[in-house]
Amino acid sequence: EDKVVQSPLSLVVHEGDTVTLNCSYEVTNFRSLLWYKQEKKAPTFLFMLTSSGIEKKSGRLSSILDKKELSSILNITATQTGDSAIYLCAAPSGANSKLTFGKGITLSVRP
Amino acid sequence: NAGVTQTPKFQVLKTGQSMTLQCAQDMNHNSMYWYRQDPGMGLRLIYYSASEGTTDKGEVPNGYNVSRLNKREFSLRLESAAPSQTSVYFCASRTGGPDEQFFGPGTRLTVL
Numbered sequence: 002e003d004k005v006v007q008s009p010l011s012l013v014v015h016e017g018d019t020v021t022l023n024c025s026y027e028v029t030n031f032r033s034l035l036w037y038k039q040e041k042k043a044p045t046f047l048f049m050l051t052s053s054g055i056e057k058k059s060g061r062l063s064s065i066l067d068k069k070e071l072s073s074i075l076n077i078t079a080t081q082t083g084d085s086a087i088y089l090c091a092a093p094s095g096a097n098s099k100l101t102f103g104k105g106i107t108l109s110v111r112p
Numbered sequence: 004n005a006g007v008t009q010t011p012k013f014q015v016l017k018t019g020q021s022m023t024l025q026c027a028q029d030m031n032h033n034s035m036y037w038y039r040q041d042p043g044m045g046l047r048l049i050y051y052s053a054s055e056g057t058t059d060k061g062e063v064p065n066g067y068n069v070s071r072l073n074k075r076e077f078s079l080r081l082e083s084a085a086p087s088q089t090s091v092y093f094c095a096s097r098t099g100g101p102d103e104q105f106f107g108p109g110t111r112l113t114v115l
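Respectively, the protein sequence lines represent chains C and W.
The first sequence: position 10 = 11 (my numbering), numbered continuously.
The second sequence: position 13 = 16 (my numbering), numbered continuously.
For the record, the hints were derived by calculation from the structure and aren't laboratory data.
Careful: at least some of the hints might be erroneous.
[To be verified] Pairs of lysine to any residue residues, derived as SDA-like cross-links and limited to a Cα-Cα distance of at most 20 Å, are as follows:
| hint | chain 1 | residue 1 | chain 2 | residue 2 |
| --- | --- | --- | --- | --- |
| 1 | C | K104 | C | A86 |
| 2 | C | K41 | W | E62 |
| 3 | C | K104 | W | D41 |
| 4 | W | K12 | W | D41 |
| 5 | C | K104 | W | V15 |
| 6 | C | K4 | W | V63 |
| 7 | C | K4 | W | E103 |
| 8 | C | K58 | W | P101 |
| 9 | C | K42 | W | G45 |
| 10 | C | K104 | W | V63 |
| 11 | C | K42 | W | T57 |
| 12 | C | K42 | W | K17 |
| 13 | C | K57 | W | P101 |
| 14 | C | K42 | W | R47 |
| 15 | C | K4 | W | K17 |
| 16 | C | K42 | W | P42 |
| 17 | C | K104 | W | M44 |
| 18 | C | K4 | W | S87 |
| 19 | C | K42 | C | T82 |
| 20 | C | K68 | W | D102 |
| 21 | W | K74 | W | T23 |
| 22 | C | K58 | W | D102 |
| 23 | C | K104 | W | A5 |
| 24 | W | K17 | W | Q88 |
| 25 | C | K42 | W | S54 |
| 26 | C | K38 | W | M44 |
| 27 | C | K104 | W | L48 |
| 28 | C | K41 | W | F13 |
| 29 | W | K60 | W | G99 |
| 30 | C | K104 | W | S87 |
All values derive from a computational prediction rather than experimental measurement.
Make the full structure from the sequences, and use the hints.
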């Protein structure tokens, strides 16, 4: 059974801090890892990682995959209150890309 | 281009009642999925449809049925609602290539 584990489950920081969110996985025939941000409603896509060691970057957010350690991290620099959200990581399996999600990390950024 | 839409946004049911959650996508995607999200549990796959005319069970299918009406629409039916089905339900879709799924805004369902 595929498994995705995220840590920590919740985090409170102050504006301007840098945070690192962790995701580890055990997936048969691993091919990619996805990060989503969820505010009040639908999860919105952030990154898809397929190659180990190659950083994906979007503004203050970046993510990297370590296939040797079966893990990924999501970094957010200079956090803002708008970064407050649940961050989900997920791994697809099978030809139909069924996603196995971690429980999510609730990030609260205080002014 | 509305993406993935879901109706209703909110619903309250009594135990034993039935209802259908509707989902539609206008991105010409082949695959569609239904997830439920409970506090502290992440999202769990209920059913999915790889293409029009096919459906398969996910991780937590008990108590649910689905219909892939056409390429655009994928509905989720609760025949006899139970309090354990109180949750937020998300529909998602995906084109046939990359693994990325696009999510609808969700339906918050409460079963009393």
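How the hints compare with the structure:
1. With a C-alpha separation of about 13 Å, the suggested pair K104(C) and A86(C) falls inside the 20 Å cut-off, and the hint holds.
2. The hinted pair formed by K41(C) and E62(W) fails the criterion: a straight-line CA distance of about 24 Å is larger than 20 Å.
3. Taking the CA atoms of K104(C) and D41(W), the gap is near 9 Å; set against the 20 Å cutoff, the hint holds.
4. About 16 Å separates the Cα atoms of K12(W) and D41(W), which keeps this hinted pair within 20 Å; it holds.
5. Note on K104(C) and V15(W): the hinted pairing is violated, with a Cα-Cα distance of about 25 Å set against a maximum of 20 Å.
6. Taken as a hint, the K4(C) and V63(W) pair is honoured in the structure, with Cα atoms around 15 Å apart against an allowance of 20 Å.
7. At most 20 Å may separate the alpha-carbon atoms for a hinted pair to count; K4(C) and E103(W) meet this at roughly 18 Å.
8. Proposed proximity of K58(C) and P101(W) is supported: the alpha carbons are some 19 Å apart, at most 20 Å.
9. Using a Cα cut-off of 20 Å, the hinted pair K42(C) and G45(W) holds, with the two alpha carbons roughly 13 Å apart.
10. Only pairs whose Cα atoms come within 20 Å are accepted, and K104(C) paired with V63(W) is accepted, the gap being roughly 15 Å.
11. Between K42(C) and T57(W) the alpha-carbon distance is near 28 Å, which puts this suggested pair outside the 20 Å criterion.
12. For a cut-off of 20 Å, the pair hint linking K42(C) to K17(W) is broken: about 24 Å separates their Cα positions.
13. Proposed proximity of K57(C) and P101(W) is supported: the alpha carbons are some 16 Å apart, at most 20 Å.
14. Proposed proximity of K42(C) and R47(W) is supported: the alpha carbons are some 16 Å apart, at most 20 Å.
15. Between K4(C) and K17(W) the alpha-carbon distance is near 34 Å, which puts this suggested pair outside the 20 Å criterion.
16. Annotation: proposed proximity of K42(C) to P42(W) holds, straight-line Cα distance about 14 Å (limit 20 Å).
17. For the suggested pair K104(C) and M44(W), the alpha carbons sit about 5 Å apart, so the restraint of at most 20 Å is met.
18. Under the criterion of a C-alpha separation no larger than 20 Å, the hint pairing K4(C) with S87(W) is inconsistent with the structure, at around 23 Å.
19. With a CA separation close to 17 Å, the supplied pair K42(C) and T82(C) stays within the 20 Å bound.
20. Between K68(C) and D102(W), the direct Cα distance comes to roughly 18 Å. Compliance with the 20 Å bound is thereby established for this hinted pair.
21. Under the criterion of a C-alpha separation no larger than 20 Å, the hint pairing K74(W) with T23(W) is consistent with the structure, at around 18 Å.
22. The hinted pair formed by K58(C) and D102(W) meets the criterion: a straight-line CA distance of about 19 Å does not exceed 20 Å.
23. For the given pair, K104(C) sits about 28 Å from A5(W) by alpha-carbon distance, which is inconsistent with the 20 Å threshold.
24. Straight-line distance between C-alpha atoms of K17(W) and Q88(W) comes to about 11 Å, which keeps the hinted pair within the 20 Å bound.
25. Taking the CA atoms of K42(C) and S54(W), the gap is about 26 Å. The hint is violated against a cut of 20 Å.
26. Straight-line distance between C-alpha atoms of K38(C) and M44(W) comes to about 15 Å, which keeps the hinted pair within the 20 Å bound.
27. Proximity of K104(C) to L48(W) is assessed by CA-CA distance (about 13 Å); at most 20 Å being required, the pair is judged to hold.
28. Of the supplied pair hints, the one linking K41(C) and F13(W) holds, its CA atoms being roughly 14 Å apart against a limit of 20 Å.
29. Taking the CA atoms of K60(W) and G99(W), the gap is about 19 Å. The hint holds against a cut of 20 Å.
30. Pair hint K104(C) plus S87(W) holds up; C-alpha atoms about 18 Å apart against a cutoff of 20 Å.
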